[in-house]
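Enquirer: Spelled out from the first residue to the last, the chains are:
Number of protein chains: 2
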Amino acid sequence: MLHQDWMRLALKQAQMAFEQGEVPIGAVLVHDGQLVAEAHNEKEQRNDPTAHAEILVIQRAAEVMDTWRLTDTNLYVTLEPCPMCAGAIVQSRIKKLIYGASDLKGGAIGSVMNVLDYKLWNHQVDILAGIMEDECALILKNFFKKLR
Amino acid sequence: MLHQDWMRLALKQAQMAFEQGEVPIGAVLVHDGQLVAEAHNEKEQRNDPTAHAEILVIQRAAEVMDTWRLTDTNLYVTLEPCPMCAGAIVQSRIKKLIYGASDLKGGAIGSVMNVLDYKLWNHQVDILAGIMEDECALILKNFFKKLR
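Chains P and S, in that order, are what the protein sequence lines are. If you read the first sequence in the numbering used here, its first letter stands for residue 241, the second for the next number, and so on. If you read the second sequence in the numbering used here, its first letter stands for residue 241, the second for the next number, and so on.
Read the hints as simulated data drawn from the structure, not as lab findings. Remember, predicted model here, so these are calculated numbers, not experimental data. Only true hints are included.
The list treats identical chains as interchangeable, and a pair is accepted whether it falls inside one copy or across any two copies.
In silico lysine to aspartate or glutamate, DMTMM-like type, Cα no more than 20 Å apart, as pairs:
#1 Lys-335 - Asp-288
#2 Lys-345 - Asp-357
#3 Lys-381 - Glu-282
#4 Lys-359 - Asp-343
#5 Lys-336 - Asp-288
#6 Lys-335 - Glu-278
#7 Lys-336 - Asp-245
#8 Lys-336 - Asp-312
#9 Lys-386 - Glu-259
The task is simple: from the sequences and hints, build the whole structure.
Expert: In structure tokens:
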């Protein structure tokens, strides 16, 4: 499968969030070309400030893989992660982060800060940005337009 | 209760982590002078890379308070938070962070980066560092000495 195909699955998760009244962000985690876990933002329905798509997909993947070390995995997420989620990506030793749209007001992969790019971390994450960027940005735009 | 008294409770949590073979870090969350939640690092036993003391105490407090907005709460933690946890503190709108020891290799409240200090965040967190610093550092030192 191509990056676009995995991102399409992450977008499906974002769509589920949208339908549940959550900010529409979705994520999938892939290991050896296989889908390990999927998640979307559930902050409002869970009343949990940490229930971002990335945190949930990491927790689910760690459970499935029975280890907290998500070595050699790819994380696909529709939006540039916030500092919390970027930190969780470092903590979980994810190999590669692929995201769609940039988050100019809160993104921690370069937009407002760069949490991944520190030589002191004992783990370096590969980054690929802009995969299906327009679709990932559009679903957010539509969500906030509907809110107003 | 004084800051030291709450930090002593966080240290008790760290001690529980120590006894369970976890890196000994503890946290408590306080609202209106009342203890809302306690937690310690459970990463190894849960096989969950996000199961840091701060994440767990925030999740528990949000459940107890039945809201993800932990407005007007104080978070006490024995060690300077990592980027993931610092990000979670911003996400959950915690009013004040009080920590013990600094983490020169991973701390995100100034040691290797400062996740809290961005004008773009829609929430600013007060910071008080160095409460019971020696005791908070010693338990970590003892843990890593025992590991070697």
